[in-house]
Every structure is written in structure tokens, then in C-alpha cells.
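Undergrad: Protein chains in written order, with the numbering used here: chain A, 1 to 260; chain B, 1 to 260; chain C, 1 to 260; chain D, 1 to 260.
Take these hints with a grain of salt, some might be off.
Lysine-lysine pairs mimicking DSBU-like chemistry, simulated, CA-CA at most 35 angstroms apart [claimed, not checked]: (1) A:LYS225 <-> B:LYS137; (2) D:LYS225 <-> D:LYS208; (3) D:LYS225 <-> A:LYS137; (4) B:LYS212 <-> C:LYS137; (5) A:LYS225 <-> A:LYS208; (6) C:LYS212 <-> C:LYS225; (7) C:LYS137 <-> B:LYS137; (8) A:LYS137 <-> D:LYS212; (9) B:LYS137 <-> A:LYS137; (10) A:LYS212 <-> A:LYS225; (11) B:LYS137 <-> C:LYS208; (12) A:LYS212 <-> D:LYS225; (13) B:LYS212 <-> B:LYS225; (14) D:LYS212 <-> C:LYS137; (15) D:LYS212 <-> D:LYS225; (16) C:LYS225 <-> C:LYS208; (17) B:LYS208 <-> B:LYS225; (18) D:LYS212 <-> C:LYS225; (19) B:LYS208 <-> C:LYS137; (20) A:LYS208 <-> D:LYS137.
What the hints contain is simulated information worked out from the structure, not anything from laboratory work.
Protein chains: 4
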Amino acid sequence: MWPSVEVPRAEPRPEAGPQGVGSRRSSNISKLPAPAPAVTRELPSFSNSRLNSAIPVPSSPNEVGRRLGTMTRAGMERWRDRLALVTGASGGIGAAVARALVQQGLKVVGCARTVGNIEVNVLALSICTREAYQSMKERNVDDGHIININSMCGHRVPPQSVIHFYSATKYAVTALTEGLRQELLEAQTHIRATCISPGLVETQFAFKLYDKDPREAAATYEHIKCLRPEDVAEAVIYVLSTPPHVQVGDIQMRPTEQVT
Amino acid sequence: MWPSVEVPRAEPRPEAGPQGVGSRRSSNISKLPAPAPAVTRELPSFSNSRLNSAIPVPSSPNEVGRRLGTMTRAGMERWRDRLALVTGASGGIGAAVARALVQQGLKVVGCARTVGNIEVNVLALSICTREAYQSMKERNVDDGHIININSMCGHRVPPQSVIHFYSATKYAVTALTEGLRQELLEAQTHIRATCISPGLVETQFAFKLYDKDPREAAATYEHIKCLRPEDVAEAVIYVLSTPPHVQVGDIQMRPTEQVT
Amino acid sequence: MWPSVEVPRAEPRPEAGPQGVGSRRSSNISKLPAPAPAVTRELPSFSNSRLNSAIPVPSSPNEVGRRLGTMTRAGMERWRDRLALVTGASGGIGAAVARALVQQGLKVVGCARTVGNIEVNVLALSICTREAYQSMKERNVDDGHIININSMCGHRVPPQSVIHFYSATKYAVTALTEGLRQELLEAQTHIRATCISPGLVETQFAFKLYDKDPREAAATYEHIKCLRPEDVAEAVIYVLSTPPHVQVGDIQMRPTEQVT
Amino acid sequence: MWPSVEVPRAEPRPEAGPQGVGSRRSSNISKLPAPAPAVTRELPSFSNSRLNSAIPVPSSPNEVGRRLGTMTRAGMERWRDRLALVTGASGGIGAAVARALVQQGLKVVGCARTVGNIEVNVLALSICTREAYQSMKERNVDDGHIININSMCGHRVPPQSVIHFYSATKYAVTALTEGLRQELLEAQTHIRATCISPGLVETQFAFKLYDKDPREAAATYEHIKCLRPEDVAEAVIYVLSTPPHVQVGDIQMRPTEQVT
């Protein structure tokens, strides 16, 4: 299933990967006590041996949806009870996105891999996107939304050698998202494609990268006030809340204090 | 004052130009019955002979702010009663932005020129930005926000010759906004710089461009469901509503059905 | 006529502006003793009150062409005795380009303005390009070539505030050149459009910018081994020497030691 | 070893991949009768199980170098008898580059894989580049040159779905080349990094892609006058011929008749 993305040092954060939103509620699902099994029933084509764990969503989405109903953002009503797949949902941005979607009343299925190879990610994202699109097509979902978590590194190469290869994969995400947008349009769907390109986000990732030097890891996030995963999740919610005729292609966002 | 931007045919819309938000309420202003005179008192350096009209804001912002208070978006509380200058406010995107800001409780001063030269706009935007920044500096405003209405034409040159020069000016806006971001950071402020880059927006502008051929003008907006000025205004509100440590650099948005 | 371009501090160099190559030799011109008068006869539409001086080409192009014939680069034979207009030819890149073209056997008409406003340049370049294209069209020149001297600043905004506005104008040149390419193709010509985007070039320009501080001016060119105007001229020659079916759109070139 | 790059339909051509030029002539090599064995002796770290064939260079480079000496391009003298590694040298651009380098007096080692996976290419290019750099470092080569054959698809995503993934890999090459440039500079070398970004090049590749439909394959190259592999090779020679202080970062080149 969607792998979590291993993230390099200088701009370290777990990537949420492609996030498909849109499969309409099926009667099958609504009877299920927990979202995880829904994955295998609803989306058997998505499960494979690479799947390590289906992340339990913080609490039952339907219940949360009802409880938090009053918090639904303007424009988010149409997503209530619809299914969102969130990759990399075990932490960082992915987890924040999953929480935010649940809060807005969506049913969220999260997944993650514990080990990721950066270089595999571009291919994985490409495959996942294709699968998500196939799934929407089979269900006649014309208003789905595929959101790729990109990076500012997908738009310019920062002067830290440690993230140059990471930048290359993110440049690829920039191209893939634009290509996807074109293909969805060519197929005469109204499924939208978006990427969100954050700068430095405070996640636990630097601690994996600098696993022998927790000080350096901590320093990554200390010299400026970083983006929080929730800030990226907010961008996802904004993008989803726009009317169906509006397609946000990219949101580029950085900490106000970030230099490059 | 900030000129309205004359807009070319293929992607026609009045530009709102730079929109400075942030001057804190001064006691002078709060006594003024209407925002327009505030311009000359608050911001004398902004007024000049090119100013044609200060656009009356739909209704008294304070009053509207109070009346619409319950509609204030999350994150917009900190902007209540603060001053926003909106250029090109006589119609299209500028007018929609002005209305949206008033709805969120800001005091809005709008201005417009009836005649604009595209080629002057880059310089004008640059001057206005500088003035807005100076004004913020004089008032010790560290959390202001300058939002330039750019265009998707500022990122790629579409294959219509009629908008090639327009594209050039928008490429310039892309560079100016990034330059501004760097300068604001270098000056150790937390003033944020953003551009919003819409594709085809439905405004009355095509009717000015194709003034002899209203059919062609209308056709511009008919072949696809265009962005509305309100969609761009929503993006402005989202950008403003992010926490102070989040700087959205660019939002690229197109009609879902737009090809290029 | 084509103005020389005033250049900012951090990446200072006189711009050569658009350089049209291609008008076929007319019998009128070949009789003229010097190229300067040819301007007014051949290209009356180009001359206007802004013209300060037609730069005398180093020596009679025809004579030089013959004398230097053996040095003609492979691929440059087809340009022999054809007319090149070089703007900003009084110094720096423009002068180097003019010399290189003469060396390759072209007839060169150079022009320059002593005073330039950066912000006028985009418009000027646009006008000149249009005029050059009109001139080619009138002469049924299908294989002309318009080369704009752009800058690396036309592709990314370097972190020096002094060149931010300059960057904006160069971003515009990037868009104009791509737009021109599209228009020439749409008009079913084989006229080619190219921009050359150098980084730091050693010219006398820093001395104009830092006219009160010659030391700082000199320092601009001392910390690294800069490009020389001749290096840019070489790029022009390479671009011209490619076969007619090859259109180099952009050459991005920097000093090997340049950081940003 | 460097794999040949499988190329998609719309802009089909075998990629030459990274081409390292610069290892100084060693006495070992000069005694070898043919360049192919030199690969395993000179550069054992480059050979691995993925290597299918070392391409025999058209004729002995030394001999060719001497025979073609008079054709050496200005600026190419300093490369005489130096070693060039050309990947994807079995056909298309790679073969043309190898031929051109031999003609300029370099010793060329070519290699190729018969089967390539596009998605592996980014990683392969990254690894090869690293190896090439290591090899130069070990030999104290400060003036080497790494040239990546990119594509116009590395700069904008054309509207053909069949090359969207290919575009993604080429966007990655754009980032990798810029990252490499930064790293080489940071390591205080004068090794140069360049990418060359051609549009549609006429190779035999469309016939592999449309292996069941040779008509469609042929049609790819028939509607316009395409670039030839030799045109790209010429760009490589130009880039190499610039003085050591000049670093061409990118040459973007298209057929004059290419629309997108």
C-alpha cells in the first residue's frame, strides 16, 4: 500500500504521499465497526505485501463526524462520510491530515510502511495515484480529489547536499501532479489533482536521520519557528473546501522565517 | 494610487494588484466616519494624481464586522478592525476581495484607476509594495501581509499570442513577490508576502477587451466553468487565516476544466 | 532605437538587449561606406528620438568578413554578409557580440542609448522585437534569428535585494522570449527566438552603479573568475551556427565559481 | 554500468545519461590497443552485473584524434586524449556524442544496457554521477565535466499522457544536475555540471515503443523536422569547448517547428 516516505535531513518530515479522497460511502462500509477492514473490502486492489499496517484512525470516523459536526468548515459539507485514504498516516503530516479529515466528518483509512526508500517513492506515488484513479473510475466518482504532499524542494534545489536527491524526487512529484491533472481532464473527469509544497515542517523525522546525534536533529527545528504538520493539514482542508469548479494546483508554503 | 490592471483577452480579469493588510487601527482612523478619507490621512504618501477614485467600501467595515462577526473564519480574529488596502477594488477580483475582507471584520480601503497600462503595472506594483512596507515600518507593524494577485500566466506562457505581454508582466510579479519575501525576511520583519495565481476568472474584463465584439467576450467565459472572483477572495482569506509563522508563498489555482 | 539596458549592482553588466539577425543583404547597403547610415535607410522604422548614437562597427564588416573569412565557424557560412542589429553595442556584452559577428562575416549595425531605465527595458525589448520581426516579414526573411540577452536572474531570484527589480524584468524577458517563439511558429515562419542567460559577467557596469565607491565596484568582479562578455558572444555564435531546424531556446551559463 | 534509458513515445529517444569527461590520460590506458578493456582496468568500480556491453568506439580514438586533428574545434584542444565515458552509447544521442568526441580527439568509452526501466534511471544517473565524481577525485581531476542528457520534458510537462512519467524522471534530472553543480562547487572543485535539454530527437526509439505499429512510430518523426542526435552532440561539443571558467548549466533546444 502507499508507503510512507523516508525523508532526508535538511527538510525532514514524513511524507503523507498521495491522498485520495472521494469514494462515495457504500452501504457495506457503513456497517463496518472499524475502518481498517474496509480497506480490504472496499479497495482490495490497494492491499499488497508491502503493507505493514493499517493505521487505526484516532476514533470511529462516523462517531467523530457526528460529534465534531459543528466544526465542519464551510465547503466541507460535501465530503462528510466520504472515504479518504491517507498514506504515511503513522506520524507527522500524514497523521495530522488524517486527524483533520476525521474532524471534518470524513471516513479515513490510513496506511504506512515503516521502512521507505526515497527513490522508490516516485514510482510508488505514481502507482498509488493510478490505483486511486482506477478505484474512483470503477465507482463512477467524478468529484474525487488526489492530493500529493510535495515540498518546496520540488520547486528549487536548496544549497544542502543532503537533500539534493530528495529534491529530485520532489521535482518528479511536481511533474507527476501536473501530468495527473492533464490526464484527469483528458479523461473528462472532474477529479482534481493538487500538490501542497511545504518548506521545513517540524516532525520527528530529523531524529531518524540524525539517529546518532539527537542534538543535531533537535537543532533542525530550533533555529526557526517551523511549520507544524497541522499547518499542512489545514492547507489540505482548504483545498478540499473549494467548490468543485476550483482546482488548486499547488500551495507553496514556508515558515515565515525560512530563508531559502 | 494603486492602479487597476488592464487585462488582456485570453485570460481576462481585472487585477487586484498588491493588497496590503496590516496597519493597526489608529485612534485617528477609528473616529473617521468612512474609510475613504482615512486614506489621505493615514497614508498620504499613497495618494497621487493618478488616483481616480477611492472606492466606497460596501458598508462601514466596523458595523459590518460586528454584524457579520459570527461568520469570522477561524484564524481571522487577529485581523478584526485592522486596515486593508485593496487596489483595483472597483470590480472583479479586487471588489470580491474587498467584500470578503469586510465580511471578516477588517476595515477596507479600496482604490482604483479606470485606465491602466499593462506595462506600467509591474512598476506600479513595485512602488505600491514599497510604500505599503514603508507605512508598516513607520507604524511598527511586524505582522502585516502583502498579497499580490498574480496569474497562472506568471508561471507558464500559454499559447495565445494576445496574452504574451501580459504573461511577461506576471512573470515579473512572480519574481517581485519572491524578492519581496526575501527582503522582508532580511529586514527581520514577520511581514508576509504572498501571491495568488489564478487561471481564467470570470470578470467583466473580456467585454472591455472585445468591446466591439461582445459575443467573443462572452464566449471567453462560456466554454468552461470559470473561477469566480469570490474563489480568489477565498484564497486571500485562507492565506490571511494561517498562523503568523506560516507564509503561503503562492497558491496556483485554475478552473477544474481549464486545459492549459 | 534599442536602448542599452541599465544594469543593477549584484549582477552588473550592460545588456545587449534583443539582437536581430537575418535581414538579407540589399544592394543599397552594400554600396554604403559605413553601416550607420544604413540604419536610417534600411530600417527607418527603427530610428527615433531616443537614439543617441549609432555605434560605429569596429571596421567595415564586409572588409572584415573577407579578411577574417578563414575564421568563420562551421555553420556560420550562411550568415555571411547578412545584417545583424546589435543593441547596447557601445560596451560590455553588446560590443563583444558585435565584434564576434563581424568576425564571422556579418554586417553589424550597433546602437545604444547612454541612459537607460531598467523598467523601460521590458517594453523596449518588446517593441524592438516586434519591429525586427516586421522588418524580416517585409523582406520575406524566413530564417532570421532574434536573440535576447537574458540573465540567470530571469530564472531564479538571487538573495540580493539590489537586483530584485532587475530579476523581475528578466523574468519578463524569459516569458517574452517563449511567447515570441510561439508567435513565430504560429505565423509559420522559421525565424528562431533564443535567450541567453548568463550569470555574473565582468563589464564596466558596476563602476556606474557604485560610482561613488570604485572599490566596491571592482570587488564585484574580483571574488570569483567571472564570465567575460566574449563568453556570452561565443554562446551567440554557437546559437547562430546551429542548422536552421535547431532552435536553441535558452542557454543558461554561469561562472564555474558562482554560488547562487 | 550506465544503463541506456528507455524512452517514451511522444518524445522518444534513447538517453545518453550522464557523460563524464575528464579523467586524465593514464600511462596504462595509452598502451591499450582498444578503449573497451580500459573500462575494466581504469574504472573497475563502474563495471557490474548490469553491464551488457561495452560499445566499441567507432575506431581507435587516438588514431582518429590524429587523423581528424585539423577538425578540432576551438576550445577543444585541452580535451585531446582525455577520457570520456558515454552511457547509452549503442545508439541515438549516445552514439552521436561518442562519435563527436572521438572526432575531437578524445578517448571514448561507451557503454549501454539493452533493457532499461525508466524509473530506475534517476537512481542510476545519480549513482553513475557519484562514481564519476569519485573517479575524478581519486585522480585529482579538477577540470572534469559531467553532462547529463535531460529533455525539454524536464522543464515543462507536455500534454501527452504517455510521457508524463518520463517527464517526472526528467524533472528529477533537472534537480540532480543543479544539486550536482552545488556540490561540486562546495567541494571546491572546478568540475562542471551541465544538462542538455532537447525536444523531439529523431532516433530509432519510437520503433521500440510502437513495436506493433511501425507506422505510428515513423509518424512521430515525420510531422516536423526533428532534431538529429548530431545536433545534441554539437551542443555537447560547444559546452565542452567553453573555457574552464564558463559553466553552461543548461541548453534548452527544440526543433524550430516544435509546438509545445
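Undergrad: Hint by hint, note whether the structure agrees.
TA: Against the structure, the hints:
For the suggested pair LYS225 of chain A and LYS137 of chain B, the alpha carbons sit about 22 angstroms apart, so the restraint of at most 35 angstroms is met. Taking the CA atoms of LYS225 of chain D and LYS208 of chain D, the gap is about 20 angstroms. The hint holds against a cut of 35 angstroms. Our distance criterion of 35 angstroms between C-alpha atoms is broken by LYS225 of chain D and LYS137 of chain A, whose separation comes to about 39 angstroms. Between LYS212 of chain B and LYS137 of chain C the CA atoms are separated by roughly 28 angstroms; this keeps the pair inside 35 angstroms, and the hint holds.
A hinted pair counts as satisfied when its Cα atoms are at most 35 angstroms apart, and LYS225 of chain A with LYS208 of chain A qualifies at roughly 20 angstroms. For the hint pairing LYS212 of chain C with LYS225 of chain C, the CA-to-CA distance comes to about 24 angstroms; that is within 35 angstroms, so the pair holds. Pair hint LYS137 of chain C plus LYS137 of chain B does not hold up; C-alpha atoms about 53 angstroms apart against a cutoff of 35 angstroms. Our distance criterion of 35 angstroms between C-alpha atoms is met by LYS137 of chain A and LYS212 of chain D, whose separation comes to about 28 angstroms.
Restraint check for LYS137 of chain B and LYS137 of chain A: not satisfied, since their Cα atoms lie roughly 54 angstroms apart, outside the 35 angstroms limit. In summary, the hint linking LYS212 of chain A to LYS225 of chain A is supported, as the alpha carbons are separated by about 24 angstroms, within the 35 angstroms threshold. Distance hint between LYS137 of chain B and LYS208 of chain C is fulfilled; the C-alpha atoms sit about 31 angstroms from each other, no more than 35 angstroms. Between LYS212 of chain A and LYS225 of chain D the alpha-carbon distance is near 57 angstroms, which puts this suggested pair outside the 35 angstroms criterion.
Pair hint LYS212 of chain B plus LYS225 of chain B holds up; C-alpha atoms about 24 angstroms apart against a cutoff of 35 angstroms. Taking the CA atoms of LYS212 of chain D and LYS137 of chain C, the gap is about 45 angstroms. The hint is violated against a cut of 35 angstroms. Restraint check: the Cα-Cα separation between LYS212 of chain D and LYS225 of chain D comes to about 24 angstroms, which is no more than 35 angstroms; the hinted pair holds. For the proposed pair LYS225 of chain C and LYS208 of chain C, the alpha carbon gap of about 20 angstroms is at most 35 angstroms, so the pair holds.
A distance of roughly 20 angstroms separates the Cα atoms of LYS208 of chain B and LYS225 of chain B; the hinted pair therefore holds under the 35 angstroms criterion. Distance check on the hinted pair: LYS212 of chain D and LYS225 of chain C sit about 54 angstroms apart at the alpha-carbon level, beyond 35 angstroms; violated. This hinted pair checks out: LYS208 of chain B and LYS137 of chain C have alpha carbons roughly 31 angstroms apart, not beyond 35 angstroms. Distance check on the hinted pair: LYS208 of chain A and LYS137 of chain D sit about 31 angstroms apart at the alpha-carbon level, within 35 angstroms; holds.
Violated hints for the displayed structure, listed by number in ascending order: 3, 7, 9, 12, 14 and 18.
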